[in-house]
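There are 2 protein chains.
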Amino acid sequence: MGSLLVVGSVAFDTVRTPFGEATEVLGGSATYFSTAASFFTDVELIAVVGEDFPESHIDFLKSRGIDLTGLERRGGKTFRWRGEYTYQLNEAHTLETHLNVLETFRPKIPEQYRSPKMLFLGNIDPELQLDVLNQVERPRLVACDTMNFWIGGKRDALWRVLEKVDVLVINDGEARDLGQDSNLVKVAKETLARGPKHLIIKRGEHGVLMFNQKHTFGAPAFPLEMVKDPTGAGDTFAGGFMGHLASTGDLSEAGFRRAIIFGSVMASFTVEAFSLDRLRCLEYKEIEARFREFKRLTHFEDLS
Amino acid sequence: MGSLLVVGSVAFDTVRTPFGEATEVLGGSATYFSTAASFFTDVELIAVVGEDFPESHIDFLKSRGIDLTGLERRGGKTFRWRGEYTYQLNEAHTLETHLNVLETFRPKIPEQYRSPKMLFLGNIDPELQLDVLNQVERPRLVACDTMNFWIGGKRDALWRVLEKVDVLVINDGEARDLGQDSNLVKVAKETLARGPKHLIIKRGEHGVLMFNQKHTFGAPAFPLEMVKDPTGAGDTFAGGFMGHLASTGDLSEAGFRRAIIFGSVMASFTVEAFSLDRLRCLEYKEIEARFREFKRLTHFEDLS
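These protein sequence lines map, in sequence, to chains A and B. The first sequence finishes on residue 316 if you use the numbering used here, and the numbering steps up by one all the way, no holes. The second sequence finishes on residue 316 if you use the numbering used here, and the numbering steps up by one all the way, no holes.
Hint data in this document are derived by calculation from the structure and do not stem from the laboratory. Bear in mind that the values here come from a model prediction, so they are computed numbers and not experimental data. Among the hints, erroneous ones may be present.
Pairs count within a copy or across copies, as identical chains cannot be separated in the list.
[As the list claims (entries may be wrong)] In the DSSO-like style, the derived pairs of lysine-lysine whose C-alpha atoms are separated by at most 30 Å in a straight line are:
no. : residue 1 : residue 2
1   : Lys297    : Lys176
2   : Lys74     : Lys226
3   : Lys307    : Lys74
4   : Lys307    : Lys297
5   : Lys297    : Lys198
6   : Lys120    : Lys201
7   : Lys307    : Lys166
8   : Lys226    : Lys89
9   : Lys74     : Lys198
10  : Lys176    : Lys89
11  : Lys198    : Lys120
12  : Lys129    : Lys89
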């Protein structure tokens, strides 16, 4: 029985930022997620790639201990995304999207993965997210992401997903679209009333907010002197967050908060280089060291 | 001998936000600053108003215990600012500025205020900031603010000010202009190398960062369900920050961090209503209660 199951995309990204560019490099939400999570727990990846997906990328994912039984290889080309960032690094401008094999992707969960402890549904079509939920025994924790495209185009299906998940992890723009309000506290109230027990709002360089019925938690992003490429930061955050939760099994408020900091730590490494390059050479002791730096960054003494 | 001396503007503001509007209400950087600081310490206000400034505003400032000996009343009209905010509440759009009596304002520090413990220089012309510094014995702590107009137009004079102050308190847009870099960590390094020992960057709804040679501190803004009018939030922050520092005299890292949270608390109240209306009815116990909420908002357990 597996620990953490993720369904999402594996892609080739072509990215330009003010600090360089990268062409057809390894990307995709499930790639970033599973690589980040692999520092904490066992991960099974459900995704699809084309004939053009090289063995070297497979080898990398395997080297991270990621179970690729559910990685479907199909005739055709791998999903491709091309985008750029200006100095306003918080926002990606999509220039091209070629869904390719992703267009007809119907996630099929292999028999041995149907009782995951935890499940993360990447930002695929909400109908497919529902389909995945129907294929598995209810995990102890289900989290999902989504994107503006589905918030606008498949709102009803998306709410049906949200009624079934424990944690929704989205960015601030998506949250405002979903809640149809500019105020994130109002959006959180509305969302929690209708669906997930926890809403995590990623704000890029401005950090993270988590809302649930009892508490609000806020953490800044780790201040970095060099952000080379923000691509994958949000997925890496989710991977570190879920990976850490899966490793401890601690679903208390304190456990969630720590997991959010681990997610933020992982995201802060990812943006230091293009693609997953920073994660390729990352060691666990660096993760712990940055967690401690996060504590020093945010700590202040309470009133006596 | 006074405790905290502030030099800045007193104004009539006309403000429109998505949640309402206010016409010719009490505003100005020194007004917000001194009112916020007055919850913590004795404040002396150096500013100028015109003949049209009503006794009721004077009475309000006096009711907060603010010493108005240095508030000059002059023939002519009080400084007026008119601006609006869209749903993107972080950014004010200035529609009109009438300097009026502020145009020829030359702050003159009354004899009895020339040995302040602490001094805050509002965002007036850096030449005037220097002039104020020359009129006083070096206080234990000097902080200043500035604005894009001076960063662009009086850069050299501004750097001469910055070499003489301990703390620079500016917003993120101003910081990027000052450091001529989009990365705030780089801006901080550059700024600290040339001038103040502490750089505090206000990021509106995204909170605050403080940099000094040894530490970085980050705090989110307090998440609010209703932000009616962000006008004065930054000045209120500075007032709460300096007011608390003046009250404790604790200039350690821990003291600075607590003061930053008190500043954030004060700002979070100000934006709940137009003008200084929320501060008019604020009680100290509410400030402490929100400080404790801030602690709960940001706390997470360190690694063992």
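inquiry  = Please sort Lys297 with Lys176 into within, between, both or neither, judging by C-alpha distance up to 30 Å.
reply    = neither (36 Å within a copy, 41 Å between copies)
inquiry  = Checking an output row: Lys226 and Lys89, CA cutoff 30 Å. Within, between, both or neither?
reply    = Answer is neither; intra-copy 46 Å and inter-copy 50 Å both fail.
key: Homomeric proximity label, Lys74 with Lys198: Cα distance no greater than 30 Å   = Answer is neither; intra-copy 43 Å and inter-copy 37 Å both fail.
task = First find the shortest C-alpha distance between Lys307 and Lys166 inside one copy, then the shortest across copies, and answer within, between, both or neither for a cut-off of 30 Å.
result = neither (40 Å within a copy, 39 Å between copies)
ask   = Are the CA atoms of Lys198 and Lys120 at most 30 Å apart within a copy, between copies, both, or neither?
value = neither (37 Å within a copy, 47 Å between copies)
message = My question is about Lys120 and Lys201: at a cut-off of 30 Å on alpha-carbon distance, are they close within one copy, between copies, both, or neither?
response = neither (34 Å within a copy, 51 Å between copies)
query = For Lys297 vs Lys198, is the C-alpha pair at or below 30 Å within one copy, between two copies, both, or neither?
reply = Between. Shortest inter-copy distance 26 Å satisfies the 30 Å Cα cut-off; intra-copy 39 Å does not.
ask   = From the Cα coordinates, with 30 Å as the cut-off, is the pair Lys129 and Lys89 best called within, between, both, or neither?
value = Neither, since 32 Å and 70 Å both go past 30 Å.
task = Can you give me the call for Lys74 and Lys226, within, between, both or neither, at a CA distance of at most 30 Å?
result = neither (40 Å within a copy, 41 Å between copies)
Copy assignment of Lys307 with Lys74, given that the CA separation must stay at most 30 Å = neither (32 Å within a copy, 42 Å between copies)
request  = Have a look at Lys176 and Lys89 and pick one of within, between, both or neither, based on CA distance no larger than 30 Å.
outcome  = Neither: 33 Å inside a copy, 62 Å across copies.
query = Is the C-alpha distance from Lys307 to Lys297 at most 30 Å within one copy, between copies, in both cases, or in neither?
reply = both (15 Å within a copy, 28 Å between copies)
Checked against the numbered hints listed earlier, the structure breaks hints 1, 2, 3, 6, 7, 8, 9, 10, 11 and 12; every other hint is satisfied.
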